[in-house]
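Produce the entire structure from the sequences given, and follow the hints as far as they go.
Here the sequence shown is numbered in full-length UniProt numbering, starting from 1 and rising by one per residue.
Each hint should be verified, as a subset may be incorrect.
Claimed, not checked - Simulated restraints, written as ranges between beta carbons of each label pair: (1) 81 to 16: 25 to 33 Å; (2) 32 to 55: 17 to 25 Å; (3) 32 to 62: 26 to 34 Å; (4) 31 to 89: 30 to 38 Å; (5) 69 to 31: 16 to 24 Å; (6) 12 to 47: 17 to 25 Å.
Derived from the structure by calculation, the hints contain no laboratory data. All residues carry an ideal CB built from backbone N, CA and C; glycine is no exception.
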Amino acid sequence: MKIWQVQLWGAGFVREGVDASFELSGIVSAATVDEAVTAAVALASNEHPEIDQAQPGGSGPRAVINAEEIQEFASAPASSINVVEVFWSTNGEAA
Numbered sequence: 001m002k003i004w005q006v007q008l009w010g011a012g013f014v015r016e017g018v019d020a021s022f023e024l025s026g027i028v029s030a031a032t033v034d035e036a037v038t039a040a041v042a043l044a045s046n047e048h049p050e051i052d053q054a055q056p057g058g059s060g061p062r063a064v065i066n067a068e069e070i071q072e073f074a075s076a077p078a079s080s081i082n083v084v085e086v087f088w089s090t091n092g093e094a095a
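Here you go:
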């Protein structure tokens with residue numbers, strides 16, 4: 001497994017009845033870049049189920065998640081691996 005710093009952004013989500021977007025950042029362990037993105041989204045979905053709107057068959061046909069930056073790390077403290085943060089915004093304001 002490799003360690004990846006991941007920054008993603010999502011748009012077109014419905015959160016509490018309002019159109020919303022988010023920024024996701026964190027550090028995950030995965031074998032490949034694609035698996036790193038999948039792992040980060042899965043971790044974020046545990047706390048923010050709205051993110052599942054971007055999955056095939058999800059309830060939000062407009063929702064998308066795109067990679068902003070993905071970078072391989074040589075190492076990271078074990079306590080920070082497989083940890084992500086999500087910052088929501090609606091109408092340009094942080095939520």
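Quick rundown of the hints versus the structure:
1. 81 to 16: 25 to 33 Å: Since the Cβ atoms of residue 81 and residue 16 sit about 31 Å apart, the hinted range of 25 to 33 Å holds.
2. 32 to 55: 17 to 25 Å: Given range 17 to 25 Å: holds, Cβ gap about 19 Å.
3. 32 to 62: 26 to 34 Å: 28 Å, holds
4. 31 to 89: 30 to 38 Å: 32 Å, holds
5. 69 to 31: 16 to 24 Å: Holds - the Cβ-Cβ distance for residue 69 and residue 31, about 19 Å, lies within 16 to 24 Å.
6. 12 to 47: 17 to 25 Å: Taking Cβ atoms as reference, residue 12 and residue 47 lie about 19 Å apart, which means the hint holds.
The structure meets every hint from the earlier list without exception.
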